[in-house]
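Protein chains: 2
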Amino acid sequence: MLEKWQVLSSRAAFSSRWLRIRQDAVRLPNGMELDDYFVVEQYDFVKIFAYTDAGDVVFVRQYKHGAAQVILELPAGFVEHGEDPGQAAVRELREETGYAGELRKVAEWEVDPTRTPTIEHLYFGRAALTGKQELDDSEDIEVVLIPAKDLVRHIEGGDISAMSSVAAALYCLPLIG
Amino acid sequence: MLEKWQVLSSRAAFSSRWLRIRQDAVRLPNGMELDDYFVVEQYDFVKIFAYTDAGDVVFVRQYKHGAAQVILELPAGFVEHGEDPGQAAVRELREETGYAGELRKVAEWEVDPTRTPTIEHLYFGRAALTGKQELDDSEDIEVVLIPAKDLVRHIEGGDISAMSSVAAALYCLPLIG
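So the protein sequences, as listed, match chains E and D.
Heads up, the first sequence is in my numbering, so the first residue is 2 and it goes up one at a time.
Heads up, the second sequence is in my numbering, so the first residue is 2 and it goes up one at a time.
Bound-form chain E, shown alone:
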């Protein structure tokens, strides 16, 4: 029987607006103690798989400084404190792409259970262009429409290579009615 570890003490080891590191001292079920298990704390996020009447899926392309490269991925964003994930999904899709539609939650996944409690909420639905992008000063985002029938080929070819977009695209493709 697998048991949870017991947390003996916990302290903030690093803190910034977007990212915190928590240092836990823990006792394992076998009695072993570790005094420096570091957990990354950040906002949960939403990922959006939106498709048009024409059968295209709405992607975004932007520079991501973590990977230090331009990345093609599904729209996504952080869930701010107290915000409903469904509202965050609608907001992020509209702000990043100008698309809007009826989105429904189809999955909830652990982003990296070794390192963080962060959750990804996956939203899916039909959408249409209804307005303009509303970007922050730090954002420069190109909207890219990819035919749903070509998605697997783009993943196999490596054009779509961000893990959360691969997971979301392969999971949502069969859901398109």
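Think of the hints as simulated: they come from the structure by calculation, not from any bench.
Hints are not guaranteed to be accurate.
Treat identical chains as interchangeable: a pair holds within one or across any two.
[Claimed, not checked] In silico DSSO-like pairs for lysine-lysine, Cα to Cα no more than 30 Å straight-line:
(1) Lys5 / Lys133
(2) Lys65 / Lys5
(3) Lys150 / Lys65
Quantities reported herein were computed from a predicted structural model and do not represent experimental measurements.
Starting from the structure of chain E, add chain D where the hints point.
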């Protein structure tokens, strides 16, 4: 045209054996400057989709302290400095499960491009039980065989909910010959 951000300066904001936080001061293409973009640095990792002659896929179940819960996922592990990812995949599969086989690399994905340069190397292949688990004192891992034909149902039902395992399972299922 999307451009890279220019790094003006860079310093270690937090450092531990498994995890480092780098603080970059950056200049965006539009001239805007940010002095506190935090990047998480850690080892790259390997993920292994191994299946048996009987059509089962080798999963592991263990407590993960980041998520603070018991998680069912594909075998995985860090690539130690200087180690070949293919060797790391063979080693992790053997140590965590006792299975061994011919593995080939089938994908390379960015784990979270917003936050980190970390890469996941995905390995795939047929494997068989050839020995015993070789676990660290801090590890308690149950090997779980899941029929390949049931994987999608387990993902839809939420039994398999770690994002990297969802991505790897949905990507590798069609590769089984």
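Status of Lys65 relative to Lys150 across identical chains (alpha carbons, at most 30 Å) | Only inside one copy: Lys150 and Lys65 sit 27 Å apart there, 37 Å across copies, limit 30 Å.
Copy assignment of Lys65 with Lys5, given that the CA separation must stay at most 30 Å = Between copies only: 8 Å across chains, 35 Å inside a chain, cut-off 30 Å.
Between Lys5 and Lys133, at a C-alpha cutoff of 30 Å, which is it: within one copy, between copies, both, or neither?
-> For Lys5 and Lys133, only the inter-copy Cα distance (24 Å) is at most 30 Å; the intra-copy one is 48 Å.
In the structure shown, no violation is registered for any of the earlier numbered hints.
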